[in-house]
Amino acid sequence: MRGQKRSTTWRVWTVVVAIVAVAGVLIARLGQLQILDHREYAAEARLSHVSEDTLSGRRGALLDRNGYPLAGSQDSFDLMVETKAWSDAKNAAEAAAALSPIAGVPPEQMVASVSGSSIYEVPVTRGLSYDQAQAIRKLGLPGVRLMASSRRVYPEGNLGAQLLGFVGQDNSGLTGLESDLNDVLGGAKGTLTYERDGLGNQLAVGERQEVAAQPGANVVLTIDRYLQRLAETELDKTIDKTKATGGSVIMIQPKTGEVLAMASRPTADVTKPDLSDDSKLALFRNKAITDTYEPGSVFKLVTMACALDLGLVGPYTPWHDLGVFRADNWTIRNWDYSANGDQSVTQILSKSLNTGAAWLATLAGPEQFYAYVDRFGFGKSTGSGLGGEVTGQVRTPASDPGSWRSVDMATNSFGQGLSATPLQVLMSAAAIANDGVMMKPKIVKEIAYPGHIQTMAPEAAGQVIKPETARNLREMMGVVVDGISPTLLDVQGYKVGGKTGTANLTVDGGGYKPDAYISSFLGIAPLDDPVLAVLVKIDEPQGTPWGTVVAAPAFEHIVEAALPYLNIPPTETALVSEQR
Amino acid sequence: MAAARRQPVAGTGMLRSPALPVVLILAACAIGITALLPLIQSSSATTTAGDVRALETQRNDQQARLRALELEIAQLGSLSRIEQEAAARFKMGPPKILNYITVDAPAPEARKIPGRYLAEEPRKDSDSPSLFEDIVDWLTP
Numbered sequence: 223m224r225g226q227k228r229s230t231t232w233r234v235w236t237v238v239v240a241i242v243a244v245a246g247v248l249i250a251r252l253g254q255l256q257i258l259d260h261r262e263y264a265a266e267a268r269l270s271h272v273s274e275d276t277l278s279g280r281r282g283a284l285l286d287r288n289g290y291p292l293a294g295s296q297d298s299f300d301l302m303v304e305t306k307a308w309s310d311a312k313n314a315a316e317a318a319a320a321l322s323p324i325a326g327v328p329p330e331q332m333v334a335s336v337s338g339s340s341i342y343e344v345p346v347t348r349g350l351s352y353d354q355a356q357a358i359r360k361l362g363l364p365g366v367r368l369m370a371s372s373r374r375v376y377p378e379g380n381l382g383a384q385l386l387g388f389v390g391q392d393n394s395g396l397t398g399l400e401s402d403l404n405d406v407l408g409g410a411k412g413t414l415t416y417e418r419d420g421l422g423n424q425l426a427v428g429e430r431q432e433v434a435a436q437p438g439a440n441v442v443l444t445i446d447r448y449l450q451r452l453a454e455t456e457l458d459k460t461i462d463k464t465k466a467t468g469g470s471v472i473m474i475q476p477k478t479g480e481v482l483a484m485a486s487r488p489t490a491d492v493t494k495p496d497l498s499d500d501s502k503l504a505l506f507r508n509k510a511i512t513d514t515y516e517p518g519s520v521f522k523l524v525t526m527a528c529a530l531d532l533g534l535v536g537p538y539t540p541w542h543d544l545g546v547f548r549a550d551n552w553t554i555r556n557w558d559y560s561a562n563g564d565q566s567v568t569q570i571l572s573k574s575l576n577t578g579a580a581w582l583a584t585l586a587g588p589e590q591f592y593a594y595v596d597r598f599g600f601g602k603s604t605g606s607g608l609g610g611e612v613t614g615q616v617r618t619p620a621s622d623p624g625s626w627r628s629v630d631m632a633t634n635s636f637g638q639g640l641s642a643t644p645l646q647v648l649m650s651a652a653a654i655a656n657d658g659v660m661m662k663p664k665i666v667k668e669i670a671y672p673g674h675i676q677t678m679a680p681e682a683a684g685q686v687i688k689p690e691t692a693r694n695l696r697e698m699m700g701v702v703v704d705g706i707s708p709t710l711l712d713v714q715g716y717k718v719g720g721k722t723g724t725a726n727l728t729v730d731g732g733g734y735k736p737d738a739y740i741s742s743f744l745g746i747a748p749l750d751d752p753v754l755a756v757l758v759k760i761d762e763p764q765g766t767p768w769g770t771v772v773a774a775p776a777f778e779h780i781v782e783a784a785l786p787y788l789n790i791p792p793t794e795t796a797l798v799s800e801q802r
Numbered sequence: 010m011a012a013a014r015r016q017p018v019a020g021t022g023m024l025r026s027p028a029l030p031v032v033l034i035l036a037a038c039a040i041g042i043t044a045l046l047p048l049i050q051s052s053s054a055t056t057t058a059g060d061v062r063a064l065e066t067q068r069n070d071q072q073a074r075l076r077a078l079e080l081e082i083a084q085l086g087s088l089s090r091i092e093q094e095a096a097a098r099f100k101m102g103p104p105k106i107l108n109y110i111t112v113d114a115p116a117p118e119a120r121k122i123p124g125r126y127l128a129e130e131p132r133k134d135s136d137s138p139s140l141f142e143d144i145v146d147w148l149t150p
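Here the protein sequences line up with chains A and B, keeping their order.
223 is the number of the first residue of the first sequence in our numbering; add one for each residue after it.
10 is the number of the first residue of the second sequence in our numbering; add one for each residue after it.
The hints are simulated quantities; they were obtained by calculation from the structure and are not laboratory data.
Keep in mind the model is a prediction, meaning the values are calculated, not measured.
Quick reminder that beta carbons are idealized off the backbone N, C-alpha and C, glycines included.
Mixed in with the good hints there might be a few duds.
[Unchecked claim] Per label pair, the in silico range of CB-to-CB distance: (1) B:Q50 x A:V433: 44 to 52 Å; (2) B:D70 x A:N313: 27 to 35 Å; (3) A:K717 x B:L85: 36 to 44 Å; (4) B:S89 x A:L361: 51 to 59 Å.
[What the hints assert, rightly or not] Per the computed footprint, the stretches of chain B lying under chain A, defined by three or more beta-carbons under 8 Å from a beta-carbon of chain A, are: (5) 54 to 61; (6) 69 to 81; (7) 84 to 94; (8) 104 to 111; (9) 114 to 121.
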């Protein structure tokens, strides 16, 4: 009896120990799950029923100087699909077939994009409209949800494409002003955390935390959409007429430095950006600031400004042209190989004499000549603030003492042997138009933040020449235009000034491309009180390459349309009637 | 005697204590109502939250439509469309002769930037002090 009791006790204790052991294992496992691995499992559980969306603030608009939108944002929706929800091939195919006619994406493509992904949720298409989103919502498909987003729209189409640039899928600016002003336009991102049901919809009474996104600022540019279109239209016409490979037109207000228009060709389409290869990507480059060229004879204005400002010559100082100018055993000739005999300094400009320009630079000497080249902003940034702007190259005795020679200055005097951007060249004429005060080019007029407006004041880069020198130069520029045939340049009602330029096209690695030229016209209008400075530059025109023939007519058309648009009354006999 | 003890004497004002089942029923009802209250409250909150979400969605939808309309207006006012309409519908073209005249009237004001693109004006505070400000002023003469 006693032995039986002992045996029973032993068995009971065995069961108790077994239960305690199992309980211990369970407790240990629970401890592991709930204490040691708590974070991992909590995160996994949270992921299955809590969503966190990044909220993008509405991207600010880019407006022209009169408030017309050049780029704006439209609300759109991205279609998101949970990978798990489409793990079953049959269900996925059915859901994709239902979505396809609304989203406009082939069902196979949608299924493939989800099945091949290892992430939790995949965007199968982006940029859906409000109506498309509503139709998809009505389907009520599990694991399918719509995430609010936005799409960039360009109401004026491709106007100012290279200047404005475009945005990527994440709404960040990739080129042009969209990229330069991305921090201002983009605003601040926010987050929305919420609990969701099995269909992925937000629970009415669940956890919900929202850090609101801040909208981006609207940016008012100095660009005028009418003048921009005018510049692009005339540029296209000129390129078409001369069978050129490209070109640029820039218009600015000399008194403020405000850029009214900036166009280059060839260009890209910002409404449907094609980034398939480097050559397509290169079309988005704003060549008015990123590409340099030898400015040619328009640079004689700088040489003349130097000589006049130093008091070395006056507009009517006599000079005898032998048709050749010698520097370092090199012979410099005029563009037409002419020898013009007795000439005035003004005629050096009006006849665009290379020999005369070289003589003026020699009178000034290298130190003074390059000091003026520097003052006019060549070889350094204009301060426009535009991304990708280059400085061009100017070799001086100081920068290149080993190989610089006098002949370099002689060729520099008529715009060869140095490089500049079209914007730099235009700013030099703008300084002459503004009584010798060079302004920094300005592209942004105002930034309207949510709460205050920041206005960008005009900023002067400095007084580069005396006001009387600038006035003399303007008169000389008027004489230049008077010498051009009215069939090529005759602005009805307004007196204008300018300078033509025809330069050889340089090639990578040095030297010039045979029979390839860049034709340009640099002008100001009206001559007595300029409100416009315009550069027309045409690359590799076929046939007659002279700037007078190729670029001057485009300048005429631009100025003839732009001045009345800017409410500038005509100064000449074009005023045919008067009402009192 | 025992029956007389159980029942209070008429006219003495003493109440009979309720029977246990009645007490239990009342307690159960009270517990039930107490339990129902959070449910009603929760239901009401759910309904309100649902209404709020629906209104938010409606607001977002209206904003989306408004922005879409703004951009549609901008596209309708684009220079290329105006030129196309002028040429195609009204048979207009560039003038062959330009005549300039002066008029004895001031030039129109430059176009103003549409208000929707400008910064929101900060809210002006009320001129009259609040009650709290009055109390603080009274306490700190």
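Consistency of the hints with the structure:
The supplied range of 44 to 52 Å is broken by Q50 of chain B and V433 of chain A, whose beta-carbon atoms lie about 28 Å from each other. The hinted window of 27 to 35 Å between D70 of chain B and N313 of chain A holds, with their beta carbons roughly 29 Å apart. In this structure the supplied range 36 to 44 Å holds for K717 of chain A paired with L85 of chain B, their Cβ-Cβ distance being about 39 Å. Taking 51 to 59 Å as the suggested C-beta distance range, the pair S89 of chain B and L361 of chain A does not conform, at roughly 38 Å.
Only residues whose beta carbon comes within less than 8 Å of a beta carbon in chain A count, and the region 54 to 61 of chain B has 4; three or more means the coverage holds. A stretch counts as covered by a chain when three or more of its residues have a beta carbon under 8 Å from one of that chain; for the region 69 to 81 of chain B and chain A the count is 9, and the coverage holds. For the region 84 to 94 of chain B, the assignment as covered by chain A holds, since 5 residues bring a beta-carbon within under 8 Å of that chain's beta-carbons and 3 suffice. Residues of the region 104 to 111 of chain B lying with their CB closer than 8 Å to a CB of chain A number 5, which satisfies the three-residue condition for coverage.
Taking a C-beta to C-beta cut-off of 8 Å, the region 114 to 121 of chain B contributes 4 residues in contact with chain A, enough for the three needed, and the coverage statement holds.
Going through the hint list in order, the structure does not satisfy hints 1 and 4.
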